[in-house]
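Peer 1: Given only the sequences and the hints, what does the whole structure look like? Please build it.
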Amino acid sequence: MPAVAEKLIAKDRYEIEGMTCASCANSVESILSHVEGVKSASVNFADSSVLVEHEPDVATPEKLQAAVEEIGYSLIINQKAGEENREEREEEKLRDAKVKLIVASVLSIPVLLIAMVFPAIPYADWIMLVLTTPVVVWSGRDFFIIAYKRAKNFSANMDTLIALGTGAAFLFSVFNTFFPGYLRSRGLEPHVYYEVAAIIVALILLGRYFEERAKSRTSAAIKKLINLGVKTARVIRGGIELEVPIGEVEKGDLILIRPGEKVPVDGKITEGKSVLDESMITGESLPVEKEAGDTVIGGTINRTGSFKMVAERVGSETMLAQIIRLVQEAQGSKAPIQKLVDRISAVFVPIVIVIAILSFAAWSVWGPEPEVTYAMIAAVTVLIIACPCALGLATPTAIMVGIGKGAEHGILIKDAESLELAHKLKAIILDKTGTITQGKPVVTDVLWDLSPAARNEVSHVVYAIESQSEHPLAQAVVNRLKPEGLQAVILDSFDSVTGKGVKASYNGKRYLIGNRRLLDENSVRTSPFLLERVEELSREAKTIIYVAEEEKAIAVIAIADTIKETSKAAIAALQQMGLEVHMLTGDNRQTAEAIGQQAGVDQIKAEVLPADKAAYIKELQAKGLKVAMVGDGINDSPALAQADVGIAMGTGTDIAIESAEITLIKGDLEDIVTAIKLSRETVKTIRQNLFWAFIYNVTGIPIAAGVLYPFTGFLLNPMFAAAAMAFSSVSVVTNSLRLKAKTFK
Numbered sequence: 002m003p004a005v006a007e008k009l010i011a012k013d014r015y016e017i018e019g020m021t022c023a024s025c026a027n028s029v030e031s032i033l034s035h036v037e038g039v040k041s042a043s044v045n046f047a048d049s050s051v052l053v054e055h056e057p058d059v060a061t062p063e064k065l066q067a068a069v070e071e072i073g074y075s076l077i078i079n080q081k082a083g084e085e086n087r088e089e090r091e092e093e094k095l096r097d098a099k100v101k102l103i104v105a106s107v108l109s110i111p112v113l114l115i116a117m118v119f120p121a122i123p124y125a126d127w128i129m130l131v132l133t134t135p136v137v138v139w140s141g142r143d144f145f146i147i148a149y150k151r152a153k154n155f156s157a158n159m160d161t162l163i164a165l166g167t168g169a170a171f172l173f174s175v176f177n178t179f180f181p182g183y184l185r186s187r188g189l190e191p192h193v194y195y196e197v198a199a200i201i202v203a204l205i206l207l208g209r210y211f212e213e214r215a216k217s218r219t220s221a222a223i224k225k226l227i228n229l230g231v232k233t234a235r236v237i238r239g240g241i242e243l244e245v246p247i248g249e250v251e252k253g254d255l256i257l258i259r260p261g262e263k264v265p266v267d268g269k270i271t272e273g274k275s276v277l278d279e280s281m282i283t284g285e286s287l288p289v290e291k292e293a294g295d296t297v298i299g300g301t302i303n304r305t306g307s308f309k310m311v312a313e314r315v316g317s318e319t320m321l322a323q324i325i326r327l328v329q330e331a332q333g334s335k336a337p338i339q340k341l342v343d344r345i346s347a348v349f350v351p352i353v354i355v356i357a358i359l360s361f362a363a364w365s366v367w368g369p370e371p372e373v374t375y376a377m378i379a380a381v382t383v384l385i386i387a388c389p390c391a392l393g394l395a396t397p398t399a400i401m402v403g404i405g406k407g408a409e410h411g412i413l414i415k416d417a418e419s420l421e422l423a424h425k426l427k428a429i430i431l432d433k434t435g436t437i438t439q440g441k442p443v444v445t446d447v448l449w450d451l452s453p454a455a456r457n458e459v460s461h462v463v464y465a466i467e468s469q470s471e472h473p474l475a476q477a478v479v480n481r482l483k484p485e486g487l488q489a490v491i492l493d494s495f496d497s498v499t500g501k502g503v504k505a506s507y508n509g510k511r512y513l514i515g516n517r518r519l520l521d522e523n524s525v526r527t528s529p530f531l532l533e534r535v536e537e538l539s540r541e542a543k544t545i546i547y548v549a550e551e552e553k554a555i556a557v558i559a560i561a562d563t564i565k566e567t568s569k570a571a572i573a574a575l576q577q578m579g580l581e582v583h584m585l586t587g588d589n590r591q592t593a594e595a596i597g598q599q600a601g602v603d604q605i606k607a608e609v610l611p612a613d614k615a616a617y618i619k620e621l622q623a624k625g626l627k628v629a630m631v632g633d634g635i636n637d638s639p640a641l642a643q644a645d646v647g648i649a650m651g652t653g654t655d656i657a658i659e660s661a662e663i664t665l666i667k668g669d670l671e672d673i674v675t676a677i678k679l680s681r682e683t684v685k686t687i688r689q690n691l692f693w694a695f696i697y698n699v700t701g702i703p704i705a706a707g708v709l710y711p712f713t714g715f716l717l718n719p720m721f722a723a724a725a726m727a728f729s730s731v732s733v734v735t736n737s738l739r740l741k742a743k744t745f746k
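Residue numbering for the sequence shown follows my numbering, starting at 2 and increasing by one per position.
Just to be clear, a hint being listed does not mean it is correct.
[To be verified] With a Cα cut of at most 16 Å, we get these calculated EDC-like pairs of lysine to aspartate or glutamate:
{"no.": "1", "residue 1": "Lys-94", "residue 2": "Glu-18"}
{"no.": "2", "residue 1": "Lys-685", "residue 2": "Glu-418"}
{"no.": "3", "residue 1": "Lys-743", "residue 2": "Glu-409"}
In case anyone wonders, no lab produced these hints; they're calculated from the structure.
All figures in this text were calculated on a predicted structure; none of them were measured in a lab.
Peer 2: The structure is reproduced here in structure tokens:
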């Protein structure tokens, strides 16, 4: 029996244009999922993209594009051109949204003033018609276009509601402006509702502009990660140094790295020694000493000596490229939240349309004369009172107040989704360095094996030596000694020993400051007193620096990354709120456990790489937990993107901040507790707003349809319908503003 050839499956990401809400994303996802040869389609509404797993020979990009265009959206199949022009297109969309908002706002305000304050001025209706037409026809045209496209596919969303309400109000007003005698001849006053159409369009456009502005920044983290890489590398080929573009570096190339330069690719040192800053990968503040045979990572910074390395991983294989890919995948894997408003709209819109049609039919058959006039008034009143102004304001007003309240407390919240999700969190993942700890080396202990008088003289020498050293640990010593008012003496000589420390001389005496290897190589003896203290400090996971004069160690200096003052209390508060608190770090197990014990964290995972952090979060999510990741480094960005809510310390890197949804400006863990409380109150307010937004429709629509007329002779005037709709909006805004008075500390 012949073997069946295995089908080739490709995973491609495409940009989608034209999506305005979560239900739009669902429509694109649904239509693509039904294309022959497509295994799965996952739309990321946040960055307007779709990840399609498909058989490339069956579900070709052209077929995918045609399917999406069928429901009114655009799929960009030229991915390279799409990436090159994406930023330009985002700026253009934002600019277009801003111009439409400005035009709508400038023209709507005088319409509102005429309708409410100066309705009796000459030609009032005609002036409002002239001002409102550009608002509805130009600024609000997208609502009508999208509503039409949705209608063709027998679906509805917020745009359908907006188009129905504003369109009905505008067209009814235009009719009454041109033909006022039609209603007057039948004993009815021809009211106009231009202000209803204009103000609704302006308010919705305001929300859309803020949404577009937020979406235009979604790719900032990726751009900054890409910028971490170097553009060129100094390659040695045939004994000649050549500066070549990074794309031309090949595996096996010998590369020269000088002090202050970034390592271009991943590889191994073949010659030389140095100290490298690997915080972008590991997140650890302490520099790492490297020598021949040690691995180096692309994007890390060479601090001191020069060295040669052989390229082992280039291009998409490097650690930095993998981090970029992890961030992209984590952002794309987040299924768009199906907003409550969109779910309700899908049912609400058809119901409103059916009620309006039934009202028109009922009044046409059983209504008093003139039947058609009463029927038209009833149908238009139903559409006006059902207009979703309050519904459109229910979520954004609460979110805007909540985000503003967060900013007052030093909590920057990037989007509504993260603020809504925070109240559902069950687990908090904390990075160690810069999150729980200060994120920089600090001298914790200085122990002398000298008399006080001799100690004072030597302190000036130590200060002078460390002031000349480039090593970050030396800077920690300087920061400790500087407040003591020491003066740097003039040294006779100074020599840096890469990877070990420094040698210097003063007044004919030799001084050594560095690690144990430096002392051993120079036959320096250490007293039992100091050795005993070194052993104790080492158990506390502290880095030890020795100070020697001639052949004797005279002091030890312990350096560590200490925990922040508020970390322990904040972690205890999170645990009391029923949250699991985990700590992840690239540091060694001994250091991790020492910090974990001080901070009160029980669940600790040490020696993890960026990919490990993201995978750890996936494991928790697979158990059904909503997870927040708190970090401050570039190495945390994949995990921040993977988490349901990413929280960055404002004292950290720009890339961590861009990858996260929430930023704590002060870098204080106690603000996480505040953020969760704020989320709970905001979600509660949103639910209250939705109730008030719908209670008017639930009670008002039947009245607008005329259910009371047979019993009381009362038929709701469209003007009162507009007033009821406006009052529901005022109720929603007022309720949202109550958040400002609440305290969360």
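Peer 1: Checking one constraint from the list: CA of Lys-685 to CA of Glu-418, max 16 Å. Satisfied?
Peer 2: Holds. Lys-685 to Glu-418 sits at ~14 Å (cutoff 16 Å).
Peer 1: Are Lys-743 and Glu-409 close enough, with their CA atoms no more than 16 Å apart?
Peer 2: holds, 12 Å
Peer 1: Run the distance test for Lys-94 versus Glu-18: straight-line Cα separation, threshold 16 Å.
Peer 2: holds, 10 Å
Violated hints are absent here; each numbered hint is respected by the structure.
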